[in-house]
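Undergrad: One-letter residues, chain by chain:
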Amino acid sequence: MTADTTINAQGLNLTFETNDGPVHALKDVNLEIKKGEFVSFIGPSGCGKTTFLRCIAGLETPTGGEISVNGMTPDEARMARAYGYVFQAAGLYPWRTIGGNIKLPLEIMGFSKAEQNERVGRVLELVDLAGFEKKFPWQLSGGMQQRASIARALAFDADILLMDEPFGALDEIVRDHLNEQLLQLWARTEKTIGFVTHSIPEAVYLSTKIVVMSPRPGRITDVIESPLPKERPLDIRDSAAFIEIAHRVRDGLRAGHVDD
Amino acid sequence: MKSLLPVLSVVGAILLFWVVSVVPMNMHLTADLAQRQDIAVSPDTPVARQEYSGIGLALRNPQLFGMTYSLDRPRLPSPHQVAVEMWETIALKKVTSRRSLVYHGWVTLSATLLGFAIGTGLGILLAVGIVYNRAMDMSVMPWAIASQTIPILALAPMIIVMLGSIGIQGLFPKAVISAYLSFFPVVVGMVKGLRSPDRMQLDLLRTYSASASQGFWKLRLPASVPYLFASLKIGISASLVGAIVAELPTGARAGFGARMLVGDQYGQPMVTWAALFAAALTAAALVGLFSLMERWTLRRMGMHAT
Chain A
229 MTADTTINAQ GLNLTFETND GPVHALKDVN LEIKKGEFVS FIGPSGCGKT TFLRCIAGLE
289 TPTGGEISVN GMTPDEARMA RAYGYVFQAA GLYPWRTIGG NIKLPLEIMG FSKAEQNERV
349 GRVLELVDLA GFEKKFPWQL SGGMQQRASI ARALAFDADI LLMDEPFGAL DEIVRDHLNE
409 QLLQLWARTE KTIGFVTHSI PEAVYLSTKI VVMSPRPGRI TDVIESPLPK ERPLDIRDSA
469 AFIEIAHRVR DGLRAGHVDD
Chain B
18 MKSLLPVLSV VGAILLFWVV SVVPMNMHLT ADLAQRQDIA VSPDTPVARQ EYSGIGLALR
78 NPQLFGMTYS LDRPRLPSPH QVAVEMWETI ALKKVTSRRS LVYHGWVTLS ATLLGFAIGT
138 GLGILLAVGI VYNRAMDMSV MPWAIASQTI PILALAPMII VMLGSIGIQG LFPKAVISAY
198 LSFFPVVVGM VKGLRSPDRM QLDLLRTYSA SASQGFWKLR LPASVPYLFA SLKIGISASL
258 VGAIVAELPT GARAGFGARM LVGDQYGQPM VTWAALFAAA LTAAALVGLF SLMERWTLRR
318 MGMHAT
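Protein chains in written order, with this note's numbering: chain A, 229 to 488; chain B, 18 to 323.
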């Protein structure tokens, strides 16, 4: 563990008690994420990728092992507003305008009115939604709504962004566009990003580090440091280096896959 | 306005059924009256006529059809008789007159509105308690449901008499019964509404470390507004029924319920029917008012698309 370690999990275990007996959602997960990394978690459903993200956020409590976020426990980090969380669905409040939705965390955290307005303008600019402040969510497309929810997560300047399959429900063209924008955003804000996906191209295109996971019990089977440059045009996906990483991810997924 | 034609068709069909029913329903009374006025009736004795049904008697005496619509004390008044009675007691009487339906309507309406306000307030408080307190969740709901299984007709006189014996009379006891009927839909709707935010919405607030009261004011309460309006529309009509029922068993001298009872006891069916229709129109107006408020509120909240 070094000074720029942002998230550090050691021997992390999480078992859910269900009616059908205990479910081992995470088993012996060790992972270190450094400041400014873009880390993707990829794996089939049930591999614990979302559960791991929720552990980082303090939304789930591990039953064993250690996890620290910015050198604190996840709960302390949450209280310190260390991260913004983007869910699968945009989850905007239908009764609030886009601006009002972005103000939600700011109101809760007690920012002044002037500060709120300034921040709303700034993050809407970041996600390319300037001018949509007064619109209601139903007036926006699905992709725009998800961008607004990213803006909401950025509004209070947490230096970690946790994203749980944020583009999973969107069509491929919109998804490509949002991936490109997300990389630009990451480059501009230098945030540490944890990104859950089950799309191999998405994981390879976005990440500096790809964490391949497999189910029953949920565990990490491979961690791939991407050699791709930070500047990534969409057509990098046709390059040999890209295809090679994609192969390795696919092999990792296949190795962890038990046919049952 | 597309719904206008179907609505009018149904109203027309009901009116037609009503108009046709007037003849057999009033036939025996009409025949007795006609005989006293030396009009030929067949069969010609009341005892013999008892052997016939209303329809049978009508078929034998088509000459009496017209008379069935103009009896002073019909068994079933015709629509135009009710309309005339309503016109006279609503439009032609001074609103302060004891014979004005507007006066009686206001007596019932004031109890309705007071009871509705009490019931709604109580319902919202109970719902908040149920959602936030596990003990209340387990204990209050079964009692709320049980309370609605007791026939209000049995309960109303007891409440009125008991409150009367401690010196509380007039508006308030009726409002209590209105509140008793109207709190229930509000409890049910608000519990559902306050619980309508999904897991993701609640998790989102957790990631902000929001307090419970922030969760209530910023998420649960606004999310429950559409549910609240659905409940209010049921609650306001239940309130009106409660106020009328409260007037029935106690010999109240004013209100829709009192008018219905007076009409019944003194053989003035037009009075009963006019009060009945006036009550129905009042209920429709109240529900309509809440529908407008609902549309306006939801539009202001940006939810008009739903």
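Don't read these hints as lab results, they were simulated from the structure. Take the hints with a grain of salt, since some may be wrong.
Derived DSSO-like pairs (lysine-lysine); straight-line CA-CA distance at most 27 Å [what the hints assert, rightly or not]:
id, chain 1, residue 1, chain 2, residue 2
1, A, K263, A, K437
2, B, K250, B, K235
3, A, K362, B, K235
4, A, K363, B, K110
5, B, K209, A, K341
6, B, K235, B, K209
7, A, K458, A, K255
Just a sample of chain A residues kept apart from chain B, beta carbon distances all over 10 Å, derived [as the list claims (entries may be wrong)]:
id, residue
8, G319
9, T325
10, I336
11, W414
12, K458
13, E472
As the structure is a computational prediction, the values presented were derived from the model and not from experiment. Note that the Cβ used here is the ideal one computed from N, Cα and C, for glycine as well.
Undergrad: It remains to establish, for every hint, whether it holds in the given structure.
TA: Now the hints, each set against the structure:
no. : hint            : result
1   : A:K263 / A:K437 : 12 Å, holds
2   : B:K250 / B:K235 : 24 Å, holds
3   : A:K362 / B:K235 : 18 Å, holds
4   : A:K363 / B:K110 : 53 Å, violated
5   : B:K209 / A:K341 : 33 Å, violated
6   : B:K235 / B:K209 : 17 Å, holds
7   : A:K458 / A:K255 : 32 Å, violated
8   : G319            : 5 Å, violated
9   : T325            : 7 Å, violated
10  : I336            : 5 Å, violated
11  : W414            : 20 Å, holds
12  : K458            : 28 Å, holds
13  : E472            : 36 Å, holds
Of the numbered hints stated above, those contradicted by the structure are hints 4, 5, 7, 8, 9 and 10, listed in ascending order.
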